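If you're matching them up, the sequences are chains C and B in order. So the first sequence is numbered by the UniProt record's numbering: it starts at 1 and just counts up by one. So the second sequence is numbered by the UniProt record's numbering: it starts at 1 and just counts up by one.
To be clear, the hints were calculated from the coordinates, so they are not data collected in a lab. Take these hints with a grain of salt, some might be off.
Identical copies look the same in the list; a pair holds intra-copy or inter-copy alike.
[Stated by the list, open to error] Cut-off 30 Å, straight-line C-alpha distance, at most; resulting in silico cross-link-like pairs (DSS-like, lysine-lysine): (1) Lys178 - Lys43; (2) Lys178 - Lys252; (3) Lys8 - Lys350; (4) Lys302 - Lys178; (5) Lys302 - Lys8.
This structure is a prediction, so every number in the text was calculated from the model and none was measured.
2 protein chains.
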Amino acid sequence: MSRKPDRKPLHLNAFLMSTGHHEASWRLPESPAEANSDIEHYKNLARIAERGRLDSLFLADSPVLMGDPGRRPAAKLEPTVLLTALAGATEHIGLIATASTSYNEPYNLARRFASLDHISGGRAGWNIVTTAGADAARNFGLDDTPLHRDRYRRAAEFVEVSTKLWDSWADDAVIADKERGVHALAERVRRIEHTGEYFRVDGPLNVQRPPQGYPLLVQAGSSEDGKDFAARYAEAVFTAQQTLEEGIAFYKDVKQRAEAVGRNPDGIKILPGIVPVIGDTEAEAHSLDAELEELIVPEYAKRQLAQRLRIAPDDLDLDAQLPEDIPTEDEIEGAKSRYTLIVELARREKLTVRQLIGRLGGGRGHRTFAGTAEQVADTIEHWYDSGAADGFNIMPAVLPSGLEVFVDRVVPILQERGLFRTEYTARTLRGHYGLPRPANRLFETVDHSEGHFGIGLAEVR
Amino acid sequence: MSRKPDRKPLHLNAFLMSTGHHEASWRLPESPAEANSDIEHYKNLARIAERGRLDSLFLADSPVLMGDPGRRPAAKLEPTVLLTALAGATEHIGLIATASTSYNEPYNLARRFASLDHISGGRAGWNIVTTAGADAARNFGLDDTPLHRDRYRRAAEFVEVSTKLWDSWADDAVIADKERGVHALAERVRRIEHTGEYFRVDGPLNVQRPPQGYPLLVQAGSSEDGKDFAARYAEAVFTAQQTLEEGIAFYKDVKQRAEAVGRNPDGIKILPGIVPVIGDTEAEAHSLDAELEELIVPEYAKRQLAQRLRIAPDDLDLDAQLPEDIPTEDEIEGAKSRYTLIVELARREKLTVRQLIGRLGGGRGHRTFAGTAEQVADTIEHWYDSGAADGFNIMPAVLPSGLEVFVDRVVPILQERGLFRTEYTARTLRGHYGLPRPANRLFETVDHSEGHFGIGLAEVR
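For reference, chain C alone in the conformation it holds in the complex (with noise of 0.2 Å):
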């Protein structure tokens, strides 16, 4: 591969999963029970990535069980208080929980991220979602999900409100004049008074302006309406593509769309997510990989595909192909694109229902690739080199030792080859990604006309 060092870094994220991506690590030797809640195997899997100079870490997210707790770990412990423990075990790396704009209020949830980016120092990412299905609705009072349209609807709505929260501090607001006993300007935090289809919500908030402005904006949806939310809210999007050509259709989509509402699409980097199942040789990567697939209970996965493709498990067989009357894209709410990719891989690929269990088994429609660690390195830089992404969302199969791999010998010929940081030069997860803190929308310029909060400071003269 020709190596160019004066080009861009690319960036890596490591997206966390108790004992690995793959549905079946959990039940290899070395694997922990109860790593799932186990906050000294998180810490663990940060620092190794910390180790690897990895932009972020990543949790996924949803507020309900999801799939069968018998078939692999379930449960998973909340993000943003997860996150909050990583923080403390980490001292650079960008920390990205997921949240659902569905089923939260913003004033709760921009206050939380918002703590969090100032017990991190400025290293907190937030994963827009929308959450889909009629499983988590029953959680919060509800028959069914809101359709797709309107949760895009709030979430966007949701992403202004709390963008005005953590601007209703000016960050010059707290003075602590000892002297004149005056601890915060009262007009510099203001009430941001928004009255919406979806919220109203005074403000201001309760926590200063976090130390990144807003924390990284991260999102997660490739449907028509997850890719315009994208284009005018993220700063970064993790997408699953299958093939290089999709990686490339996707990647110019969204830039586009970026620039068409205004946006320099530079400030979007885009990281599709890569299974990497490492070997000393392509040999013993394959054979790990088919060591994984052998464990994958196909009475789990077939009952989990058939719920994603809205049919009845009998209607399922294991050795034959997909039937022909399953739902549209357009008949699905919820995961659309993802939908979409899987049924396409197994029409392209004529795979049975077992071989596209096996296929689906380490990254639910993330890209498998297995091979040696150059390898992998050099499918990382050809998607980069070919305008596919801007970095990579790392999903080992199995955790932490697919991570340690990685880590130990995949980064260090990325770094080699000019392609990923050595060191970080960077404070804060926008600094990482090489994104700007974003300017205070609410106090641009010094207002003292109105809209300010408590006693001005006359007064108190």
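With the hints as your guide, set chain B onto chain C.
Okay, now just chain B, sitting in the frame of chain C:
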């Protein structure tokens, strides 16, 4: 004072608040300017409290900017997040976070507390509050706060839902049977299918049962509704009591109410607040107290007092007593008992508004006690022996210095008198308070019949 070496030890909780409970504490030369968002400041406080073998740390909270940001550090990091960070800086001490039942969803909040309990190894506590005030309501789409009684009804149902969610995984649900490929037993994880007046929640929770079963349940309301709620649900009660007589009456009242609903009165610990101002001599303590009082900005404090009394600031004359024409407790929505305490204090001692402001400056209605370490230990012992307290909520006027002097000088006296532990003997917050781990109400016996979640073990064999 008489020594009774075989008596039960008392309990001590450190109530943390930025630069201290005295509203003017931040104006002292040594107070850090941004203590309220400085995680290192809080870690230092947590370690001091743990050095003193205190039972727990506690953070008050409300989802609104409380009071004037000019007056004192008003911003607050969100407690479940902040205490998670403190869990990593400590090993034994309990971590009690305030969270509102009026402005949260049970699924989300139960999950965060379960997560904190897992991360801290069983040290989480929840101070259950209903959150008064129109300002908070207006951060959540409401025009005004729900009525006092309605808020308590919702709180009761919220606690019921939360405990069911914590019970939705049997303690032995996870078997991690790698051979058969069964991570959790389907019949030991179940939906709660709660349908009530305020909430419909299907469950199960997506976090395994917390190490403590439930976090310690704490309550701090002292109104009639508040005492009834405490009697039914609380295991520890924080309360403001100005005089020993009132303290004894409150203690008896709550214990009797607990007995009346069939609870063991020992299972509910009463902890009055105390703001200790400690000097080498009594004169030095009073001088520190006077120094702090002089630093109060009367304009801010008068405005705050007027708000509490629901009158205009101009109706208060700093050098006169409270006007006659103020509301009765019945007309007040929220913080009802504190309202009465303040009015009675002012009337009983015939205080001018300026004097009342000084008396409230330290603990906002909690009892301030200025004296030597020996005198502070004496008053603690006296209240304890008189049946007014099972322990105390320690509210240092200045932080960290007030906590340091309490830990280094008062705690050793209490230990010498056999009143306080010299080492931690338990690993959990419940253990420190001598309270049992609650049994699981959904899995008292193994139930293979119905309501379980996922595929049964037989199906995957």
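Hint check results:
no. : hint            : in the structure
1   : Lys178 - Lys43  : between (40 Å within a copy, 24 Å between copies)
2   : Lys178 - Lys252 : neither (54 Å within a copy, 44 Å between copies)
3   : Lys8 - Lys350   : neither (39 Å within a copy, 73 Å between copies)
4   : Lys302 - Lys178 : between (66 Å within a copy, 19 Å between copies)
5   : Lys302 - Lys8   : neither (43 Å within a copy, 58 Å between copies)
Comparing the model with each earlier hint shows violations of hints 2, 3, 5; every other hint is respected.
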